[in-house]
Amino acid sequence: MKKRRINLKNTPKVKEYNRALRIGSKIQHVVQHNGAWAVKRSGASKATGVYNKQDRAINKAIKIAKNYGTSVIVHGRDGKIRDIKRP
Numbered sequence: 001m002k003k004r005r006i007n008l009k010n011t012p013k014v015k016e017y018n019r020a021l022r023i024g025s026k027i028q029h030v031v032q033h034n035g036a037w038a039v040k041r042s043g044a045s046k047a048t049g050v051y052n053k054q055d056r057a058i059n060k061a062i063k064i065a066k067n068y069g070t071s072v073i074v075h076g077r078d079g080k081i082r083d084i085k086r087p
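For the sequence shown, position 20 (counting from the first letter as 1) is numbered 20 according to UniProt numbering, and the numbering increases by one without interruption.
Any given hint could be a false lead.
Unchecked claim - No more than 20 Å apart at the CA atoms, straight line, and that leaves these computed lysine to any residue pairs for SDA-like: (1) 85 with 55; (2) 60 with 23; (3) 63 with 47; (4) 66 with 33; (5) 60 with 33; (6) 66 with 21; (7) 66 with 27; (8) 53 with 79; (9) 46 with 75; (10) 66 with 43; (11) 63 with 27.
Stated by the list, open to error - With beta-carbon atoms standing in for the labels, derived distance ranges: (12) 45 with 66: 19 to 25 Å; (13) 82 with 15: 29 to 35 Å; (14) 21 with 45: 18 to 24 Å; (15) 2 with 68: 42 to 48 Å; (16) 55 with 3: 35 to 41 Å; (17) 3 with 86: 43 to 49 Å; (18) 86 with 46: 32 to 38 Å; (19) 77 with 5: 49 to 55 Å.
Simulated from the structure, these hints should not be mistaken for laboratory data.
Bear in mind the structure is a predicted one, so any value in this text is a computation, not a measurement.
The beta carbon of each residue, even a glycine, is placed where N, CA and C say it ideally should be.
Working from the sequences, and respecting the hints, build out all of it.
Next comes the structure, spelled out in structure tokens:
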């Protein structure tokens, strides 16, 4: 009996998993940065932008998240998650 090879790259579950990984890496975070507020992508070492007010940073993060179809995670001054926005 001949063994069948399954191409895992084309299965629906693998495609869905890979898509979730791509989206997850593009989630935007609003964090405190040197007395200001920064917008950072998940896993990024540099900020996308730095703003004097948190609401400006949140608005920019929402615009970016809309383009990627992802979420915004807002952190408080203590670094803990304060809010999650899904535009």
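Which numbered hints fail: Per hint list: 4, 16, 18 violated.
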